[in-house]
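Starting from the given sequences, assemble the full structure and let the hints guide the process.
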Amino acid sequence: MAKKVVGQIKLQLPGGQATPAPPVGPALGQHGLNIMDFCKAFNARTQNQAGVIIPVVITVYADRTYSFITKTPPASFLLKQAAGVQKGSGIPNREKVGKVTKAQVEEIAKTKMPDLNTDSLESAMATVMGTARSMGIEVVD
Amino acid sequence: MSRPAPYPVVVCTLPGEREEALAGILGQWPVLGCQVEPGEAGRIRVTVYLPPGEDEAVPALVAALESLGGEASVPAGLEPGDWLAAYREHVRPFSVGRTWWIDPHPDDPSPAPPGRVRLLLQPRSAFGSGSHETTRLMLLALEDRDLAGLDVLDVGTGSGVLAIAALRRGARSVVAFDVDPEAVGVARQTFAVQEPPVSCGLFAGTIRCVAQERFGLVLANIVSGILLPLLPAIRDVLVPGGEAVLSGFLAAERATAVGEVLAAGLGVARERTLDEWLALEVRRV
Chain P
1 MAKKVVGQIK LQLPGGQATP APPVGPALGQ HGLNIMDFCK AFNARTQNQA
51 GVIIPVVITV YADRTYSFIT KTPPASFLLK QAAGVQKGSG IPNREKVGKV
101 TKAQVEEIAK TKMPDLNTDS LESAMATVMG TARSMGIEVV D
Chain F
1 MSRPAPYPVV VCTLPGEREE ALAGILGQWP VLGCQVEPGE AGRIRVTVYL
51 PPGEDEAVPA LVAALESLGG EASVPAGLEP GDWLAAYREH VRPFSVGRTW
101 WIDPHPDDPS PAPPGRVRLL LQPRSAFGSG SHETTRLMLL ALEDRDLAGL
151 DVLDVGTGSG VLAIAALRRG ARSVVAFDVD PEAVGVARQT FAVQEPPVSC
201 GLFAGTIRCV AQERFGLVLA NIVSGILLPL LPAIRDVLVP GGEAVLSGFL
251 AAERATAVGE VLAAGLGVAR ERTLDEWLAL EVRRV
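From first to last, the protein sequence lines stand for chains P and F.
Just so you know, the first sequence maps onto residues 1 to 141 in my numbering.
Just so you know, the second sequence maps onto residues 1 to 285 in my numbering.
In short, the hints are calculated from the structure, not lab data.
Since no wrong hints were added, every one of them can be taken at face value.
Chain P regions said to be covered by chain F (calculated; three or more residues, Cβ under 8 Å): (1) 25-36; (2) 39-45; (3) 48-58.
None of the values given here were measured: they were computed from a predicted structure.
Heads up, the beta-carbon is just placed ideally off N, CA and C, and yes, glycines get one too.
Okay, here's the thing in structure tokens:
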């Protein structure tokens, strides 16, 4: 039988760096959850994205257990990181702020695939390139 | 003692569709993270927390949040709290493997069932409450071993759970350490409440502090990103033929983990898995 869900907690945390400090401590603590076990599991699953802000959705069950899913970082963030720029362009069609390679786009597309609702790498890459254009980041070969 | 500094807080309501964009900008500041809650009329209420003392970042963070179409405010900082209190209240003693009895209430302990060894372990802000799969894998490995006469090193001791388990399995001596001074404080308290009492070396620092010493068994329950780079140092503190129990790997990381273990001059003696987690028992070759 499915467990009874009593709540959902949405957080955004730096990958690999969850601690019992806020927001994790107060958010999970008020439901009586084992905060340290969550930190361990979150950090293990996201340690390859250290410091990147990862959205996570925690489902809380009536027996004070929980499950969680992590989402991929936003394409815009991954693009800025790959291009080494702080922010996108205000006038993306005229003012370019940086460049990424096709290979970097492919890498980002692979990261984003689970959240993009597609099984096709080509279409995931097209989505990422669309985001890049809208930010004034050029895609070069 | 001075009062611990509060966590700076920024609160903001944003259009719901900016949730992904939020994750895109937060990484520019040294934030601890944020909580996202449903607000009125399809908007979201975002509460961002910064580490104590990072107040300087607040104005820029407010400006960035408002650029996403929100209205931000800066309430009083959040005082540090005992956020594990609710968990401690309801958690009951539980068994692990065929040997262990973890009692989370040292102030009001219950007798262990016959034949089980009791570890008094109050859940606090250090890793190792005994319930996590990685800790259970370590405890299962320890119950299968006779530690009589062995000098043991506990790397990243957290709550101190593995150090006391090793002593209960007959280890001659245990030295435990953690890079996190707060964890060392928790471990000290764990050692102090054991009944019968235990004696265990403990320090805040890194494995370099014991580089000149040698151990028959090394215990390390961390995450792979921290554990793998430590493997050569762990090998170096083992006596020839000495063993290490390594936990905190995801089963999906097995190939990488085993590869690094072999590259560090260690051989894999046994593997254990529990759900998505993997522990390796290795020997210095």
